[in-house]
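These protein sequences, in sequence, are chains A and B. Per this note's numbering, residue 1 is the first one in the first sequence, and the count goes up by one each step. Per this note's numbering, residue 1001 is the first one in the second sequence, and the count goes up by one each step.
Hints are not guaranteed to be accurate.
[Claimed, not checked] Simulated coverage check for chain B against chain A, where a stretch passes if three residues somewhere in it have a Cβ under 8 Å from a Cβ of chain A:
id : region
1  : 1032 to 1039
2  : 1360 to 1368
[Unchecked claim] Facing chain A, according to a computed beta carbon distance under 8 Å, are these residues of chain B, among others:
id : residue
3  : Leu1149
4  : Leu1290
5  : Ser1294
6  : Ala1335
Since the hints were made in silico from the structure, they are not lab data. Only a predicted model underlies this, so the values are computations on that prediction, with no experimental measurement involved. Note that the Cβ used here is the ideal one computed from N, Cα and C, for glycine as well.
Number of protein chains: 2
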Amino acid sequence: MAGEKTCGIGLIGAGIVGGGVAELLMTRRELLARRTGLDLELTAVADVDVERAAAMGVPRDRIVSDYRRLFDNPDIKVVVELIGGTGVAAEAVMAAIDAGRHVVTANKALLARRGREIFARAGKAGCIVAFEAAVAGGIPLLISLREGLIVNRFRSLLGIVNGTCNYILSRMAASGLSFADCLAEAQRLGFAEADPSADIDGLDSGHKVALLSALAFETWIDFSSLHIEGIQNVQDEDIRIARDLGYTLKLLGVIRPETPPELAADGPGGGTGRLFLSVHPSFLHDGDPLAGVSGSLNAVRTDGDAVMESLFYGRGAGRYPTASAVVSDIVAVAAATFFGGRGPRWFPPERNAYELAPMADYRTRYYLRFTVRDKPGVLGAITTVLGRNGVSIAAAHQFEGNHPNGVASVCIVSHTAREGDILTSLTEIGGMDFMQGNPALIRIEE
Amino acid sequence: MAGEKTCGIGLIGAGIVGGGVAELLMTRRELLARRTGLDLELTAVADVDVERAAAMGVPRDRIVSDYRRLFDNPDIKVVVELIGGTGVAAEAVMAAIDAGRHVVTANKALLARRGREIFARAGKAGCIVAFEAAVAGGIPLLISLREGLIVNRFRSLLGIVNGTCNYILSRMAASGLSFADCLAEAQRLGFAEADPSADIDGLDSGHKVALLSALAFETWIDFSSLHIEGIQNVQDEDIRIARDLGYTLKLLGVIRPETPPELAADGPGGGTGRLFLSVHPSFLHDGDPLAGVSGSLNAVRTDGDAVMESLFYGRGAGRYPTASAVVSDIVAVAAATFFGGRGPRWFPPERNAYELAPMADYRTRYYLRFTVRDKPGVLGAITTVLGRNGVSIAAAHQFEGNHPNGVASVCIVSHTAREGDILTSLTEIGGMDFMQGNPALIRIEE
């Protein structure tokens, strides 16, 4: 490596992704040196389980059990946090910043929940916190939003950003099996964790949506105010009905300004007004490129007012795809350290371009399904309530479905309607004597 | 703009894309200042047609007819070349470099043909030549390859990188009309130029493939050695037959190492052996995400050994999408000027990672169509020759098609075969007395 500057890397967390990062750094040191002019040295790995780190092929004299030991070594310029979660990971990131180290992390939960504090602390210390791998794994999405599309104001962002949910929904559609059966299968095959709640409840997608909002819409939200619905209540019946109607069900992160920016206009806020931010199961028309993204893949579609529609598609998780993104951050941070420049330095917007809009004001087409006792006048009663609340109906169907005798499904597809009017209608309809259980509400994104 | 550093921009060429760049720089000065910390000033626009520049809203005292005037102004740090072609554009780029200016260009023809010389000259002068807009227009593809996926060695790259060809092929498939009819339609609608030859002959795609080879495969080729077939000879009959077989026809840029790199292996060349580089009409299975990219859109699919399959999809041309990419380069170059660092600095590889492989050694499945006099033994004669040359047949069909009496089409789909063996067979078959005209050969990419 004669001639290259050596940049020491300290890695915290020798798990799946940590192992991939260590392997890539060790086996591709020459390749990266040729491509970057930097000798990236995996100087030390910290993990409470020393044996796990040793099994990755890291020499034992480079393994420590206490991550704080990394900060004693002045050669370590970049600290890579791959513990995950908001406990020890938060302490490690704060400690690294306090020790004046640049940080690379894939930790979407930590940044979505405590990002303001972390970025402020990093700013004060002059440190970079890079997080390409935190959203959409291996897909170079954040650098594309932050740099490649920098002149755009976005009219919308729709993303499939959780591979576990996409795998389960794809399997439900392909097999006709229930959510519970497909979750169990995903767990057997390693596509879902033993405790899958952070994925299926939509929290993981929510973390990513919060970060995408900050990057692409200059709007940093309090994570607790985000609207999140997971896939845990998705019924196979709705997937079947939707298929007949030409729709595919996906868990989407959705970001939409209430009034999309226009190309000609400009404002100091990069947009003005209110922003809808949500994670929810959505029907997409079968012809939509996002509808064709199946299995554990991720995809994000943006609509920039200059560039128009773009789609980024690839592996959102997994050992090497995520490690690919982490290493790209390591390279960028190391380059900024040795060659100067801002590198992947980023801080949340000082002033939000948008306010958060309440979902009651969301406007789209809605799919509603009611389980009813099959008696005369039911369809009329439901449609009358919707009409009175200003919801115009595009299609209505009544099925016998799989229900026992005398119970049927009524399925309504609305024209574009205001969500508050839909919810008011559902409350009214819910009080009617023919109703059995709760209605299903699924937004149709177009 | 208090507090920001002002970076003067000189724009050469007030055409479609130049107008878009000027408009974005003028209307989004504040937005860009907020996002970048830089005040990007459109200091001067050069165009031989001064009125055209004035029509873009540029104040007259900022318009010059001779681009060399831009170099007199020391405030102009970045020169944007949007003339296109390899004539005046080459002189302007060389002159800008000689005047010590960083260059942003969308000129794929110039870089593919004279890139070595230009980058060498820029290197000596300490100048950046940035060219995000040269491939796939608005899609942030080059930054993704150069930075986001930097640790990967690619196993393949397939791209639809010419919107004109994709529009024509999409229309042929949808309408059943001939190439000539669809070209005329594309010209009427502004999707093809009055002289469409650079697009339909595949040259434009070839320029992009040459640049992608350098960026993603560290292999810079002599442009004249690139294998290029356009769409000018595509027959509507083949599109129809293919549709029945479940294939869609696309003009693809294809880059494939003969021996794909493996994740575990590493070599100083980032890959070794030979590289297939080609532009040719290809059949893709209907389920392939690239097959669904229709109209004037572009898409590039890469297979990196760490990140696996990624797809980048969006507008490959057009005023604002291309301007979006040009402005991203302007921002990156300006940031490097004022904040330091390497910015989008890139130079062709000093040593090629791969040698160019002859297409005779290409291996894929082939679609062949022969127009024959319909007499006994024709199918047998054709398949016998193929078999003798080691080409194994997956399917064979004989159609009456649209031909006059006594003439038929014989269509063969091979298993994976060596292209040289296919060509030897075609020569032999071409000499047989039942042959009418030339056979069609279309590669099936999987």
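We went through each hint and held it up to the structure:
1. 1032 to 1039: holds (count 4)
2. 1360 to 1368: As far as the region 1360 to 1368 of chain B goes, the hint is violated, because 0 residues have Cβ atoms under 8 Å from chain A.
3. Leu1149: 6 Å, holds
4. Leu1290: For B:Leu1290, the interface hint is violated, since the closest Cβ of chain A sits about 11 Å away, which is over 8 Å.
5. Ser1294: 10 Å, violated
6. Ala1335: At 6 Å from the nearest chain A Cβ, B:Ala1335 passes the 8 Å test, so the hint holds.
Consistency note: the structure conflicts with the earlier hints numbered 2, 4 and 5.
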